[in-house]
Amino acid sequence: MVRFSLGRSARPQQHAAVRSRNRRPQQAQPSGGDRPPPPVPAAAPMDSSPEPEPEPGPPTGGDPAPADPEVPRLTVTQVEQMNVEARVTDIYRVLWGGSPNTQSIILELWRDQHIEYLTHGLRHLGPAFQILDANRPWLCYWMVHPLALLDEVLDDDLEDDIVDFLARCQDKDGGYGGGPGQLPHLATTYAAVNTLVTIGSERALSSINRDNLYKFMLRMKEESGAFRMHDGGEIDVRASYTAISVASLVNILDVELAKGVGDYIASCQTYEGGIAGEPYAEAHGGYTFCGLAALIMLNEVEKLDLPSLIDWVAFRQGVECGFQGRTNKLVDGCYSFWQGAAIALTQKLVMVIDEQLKSSYSSKKPSGDDACGTSSSGCALEKLSAAVDYARFGFDFVQRSNQVGPLFHNLALQQYILLCAQVLEGGLRDKPGKNRDHYHSCYCLSGLSVSQYCAMTDTNSCPLPQHVLGPYSNLLEPIHPLYNVVLDKYYTAYEFFQPSD
Amino acid sequence: MHGRPRRAAKPEDEEASSAKAAKLRDLQAQVLQNQHSGTYTKEAIGLSFKLLEINPEAYTAWNYRKLAFQHNIKELSEPEAIKSAIDDELRVVEVALRQNPKSYGAWYHRKWLLNQKLAPVDSKREFGLLDKLLKVDARNFHGWNYRRFLARFMGVPDEEELNYTMDKISDNFSNYSAWHNRSILLSNLLIKQNKGFESKQKIFSQEFELVTQALFIGPSDQSGWFYHLWLLAQTSTPDNPQLIASWPCSGAKLSSSLVKEKVEQNTLSSIWCHSLQERTVPMVLYFNEPVKGLNQSSVKLKSDLDFGKDIHWRALSMTDSGYSSCWTTYLQIANECSSSQQYSVEVSIPCSDDIVSRSGSNYNCPVHFTFTIELISDDAQDIDLFDKPVAYFSEPLESHGNCEPIPFDLLKITGALVEEDSNWHFERLSEEIDLFRELPDDNCKFVKLTLARLLLACAAIKSCGRSPHERKRYCEEALGHFSDLIRLDPSHKQYYEDERSLVLMDKLTCDMETFVKHCSVQVQPNSIPLNHVQLCKLSLTHVGFAERLMWVQVLDLSHNSLRSIEGLEALQQLVSLNISNNHISSFTALEPLTKIMFLKVLDLSSNEIGAHSMDTTRYICSSPFSHKIEAHEAFEECQKKNINVEEYWDAILFFKPLKLGQLDIKGNAVASKENFRTLVMTLIPSLKWLNGECVN
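If you read the protein sequences in the order shown, they are chains S and U. Just so it is clear: in the first sequence, position 366 is 366 by the working numbering, and no numbers are missing. Just so it is clear: in the second sequence, position 250 is 250 by the working numbering, and no numbers are missing.
It is possible that part of the hints are untrue.
[Said to hold, decoys possible] With a cut-off of at most 25 Å between alpha-carbon atoms, the simulated BS3-like pairs for lysine-lysine come out as follows:
| no. | chain 1 | residue 1 | chain 2 | residue 2 |
| --- | --- | --- | --- | --- |
| 1 | U | K111 | S | K434 |
| 2 | U | K292 | S | K431 |
| 3 | U | K66 | S | K172 |
| 4 | S | K434 | U | K102 |
| 5 | U | K111 | U | K132 |
| 6 | S | K215 | U | K66 |
| 7 | U | K117 | U | K135 |
| 8 | U | K102 | S | K431 |
| 9 | U | K292 | S | K259 |
| 10 | U | K117 | S | K303 |
| 11 | U | K83 | U | K23 |
Hints in this document: simulated from the structure, not taken from any laboratory.
With the hints as constraints, model all of the structure from the sequences given.
Set out below in structure tokens:
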């Protein structure tokens, strides 16, 4: 069994650091990449030390000035890290000590409790939520989306209420604000559109004013190509992602909106390999997902140094089995999605290239495939080369199977989410010791779905039981990993937003 | 996106909370009302403050305040009044940040205010605020972003900011945000200062000391290792791009003739150049790092030969964005010539602002060299390499009688490549090596990997005029570390194997004594003398140091573990390649070969092409087969022959540009597939031998 090192264990990140850079340029990349070993049936942390580690000294409480190199002292960061590792290990020890039967029970996803927590939130939120008043579409998304992941159908009334509410958040000149009357904002627009797509009714989808939405996005676009969050707001990679994701999802993405975005995002990739929120800042899991997903939707992913990005993300998964958001930060359940989905996206990049190549010559698409969007059958080729069909990039992308196994330890991640992020009363959290909330519930469950499906080779089948940790009933609905909406809902929306001719 | 609701802790707080929420709803409504009506009275602005005090995320209120500020500031002329208006705004931001130190809106509002440039900025106040906030959360990236903004805005010298990061690191050396900012600041400093090596040496010596100290205190802490990595990269690469090799090399004599007596004295200096039959000379320039900007003015060619109007340089490596360490052009000779004539070609690459590296440094290491081309107009026998299928030697080269050594001195283009400061770099790295050797081994992979990297960096410097024995010693030691790592850390085996392969190739090719054991001039009966290199049975997984192989015409890499042949595209002289018995798993992995225009013989037998559905190669190169448009024709051609194009697209893209005379591909899963033979025959009309059999 895997040995878990307490305290001064070396996280695998370190040699991620040492690899990948400082190479002679012509030897750009290793031929094989760093692929984890084939998934093992039992849950095991990704990169346990093969050698026993020395027992750690007692935490010193974080003496800030380690002046004398002879006596190793620990930094605050190290003490915090040790505490988290110890806590997580205690939890896992219970798992390893249990019989297969108990293990299966321990590893259960508490569906009913989560559904209860999330639906209750949709109907009534306590006053403590006042600070999220400018994020109300987000609250909708953080509840509606995980409920869809759990395959829970909402009452029609409730759905209608949400659609009505979001309609009131929609600005008359396009885009959605954080609440009725608030300025339209790209992030809340993303949340609102994803919520409506997840609801998926005709009423929901047709409530989006796409013409105005397009105009709003153009207004948010800077000359450099990057997007501003809102009128007079900040510019960052998040803004670019939310804009491109929404535009792609409702099929309004065009060359005008796409211009220059890719270069801006690429300029935010750091020497570590991940993507930062803005140039010169530190690589960060959330922005790495945003940047990568946006570039895929723009079909400009070659602008990134992908191997170093994969490296960086892969090594953010630590001995706790979950992901950290930045170098030397603590594990956090929400990065199960941001980092986990980012690396899962790279599993499909291989196929995007294939698909482009095929579609560039092949006009013999299945005749019944109206998703092609071409009215005249004969000249598909000319059409494809003449106009860039941006919506198609997201569609083709998810159709592709994963022809490469997971580049992170997907079972370990499930273990972290199920054992460390679940709260018995329902809802999920950052890490043991923290409170549950809707944001973490949404992204822990999204990450769980990604890690359950990423070992699949065929898009049309179901994941094998050995890829789903715990009872098979833990299996969630699959998502479209670029937009983070449930896949079925995405297909409905995709068809809905296709030109009607 | 990372906003989190903070739940009220106790039920008895609920009531108070409810009252607050009601108040907030009112406030929100009023502020929105004021925003819509454009009401900018003192009272209205005060309401927005109250709202932001409770909810700093209320970005509409931030926007309202900006509009209000702009509206009201127009009325003010007294500097005092303006200052007080600004102070009000700054205070609101401070209050909001106290509530939520990660509020995007609040931080941005402050930046916006400063950018209005209406009054001098109170730097004490700004930096004081940051000190306070970064004390609470030393990793708050909003804070660090603002700090970088502020330092730029105020023109704070980078040196001072360095001191600040130092303070933060002393507080907690695990603080990677501080280390990261150091790397940004130092990069800036180096670009700005440009004072030459002295200052760089000083800076980096200190940095190494600093980070080593941190690593010794906490060898398990990642922050220091990341920073060390960055430092090493900075130290071991020269500031400016350099040309490290070229083909033809300096003094080379290319000939299209096959005159018998020439064969006797065939050496590297006089080389039969197959492509001259088509009056073409491929020329390759190899740089130490990816560059761009090669054109007719940055690379000057002088010759009596007429190369036509346009000399167009193409990037050979598969890197994206136009940068490449390897560039080629095909010189098309347009001269008429009546008899045997020699022409010299002078190449000079002056200091140039056109040629720049990724980091923006320009080329400032002028190079000048000459080679000659011998054109023979006689109806020289049209050499046919393919009377018989070409066989490879199976035994080691020494045992072959008709082999001649290669004069290696001709491989180096100029001596200008030895760096002035290499002593410093070398000493610095040696010190590091000594230090890390002292770190308790404990089979710690991080120490081992860093040591290996340091050793290799040292070896690279060693190559500039130092003893090859020393270099080999470094390689040996690094090889030992990689072997340990393969054992210790099997989940990253492939990576370590690739690294190991590179070191091995370095070791084998870095000096004549070793390399010569793998080289020969191959003279086969009724054929032409060809420069031959054999690197078999070495467990190589990856090709490196291609710049040392650019003169090679026959290359035998069989019986290795190659998964990729990236790098071989630089070998534009290559006529025959044997990569049989390797682990090549797809045609995509062979893409470099599509760039070698005169490749005639290819042995791919006993690989794994078609055996796996997964093709990891395509991860590694950013855009394989970027020339896909040209493939259109080939696809149509194949469709006519009922070949399943969807299944074979990568094979089609691979074979189309090749002009092979001989191909061996047996022992691959793909070779036994339906139609595969037809496909090959369709796409390579020049093919005479397939799997050892003559084809029509």
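Unsatisfied constraints (hint numbers, rising): 1, 2, 7, 10 and 11
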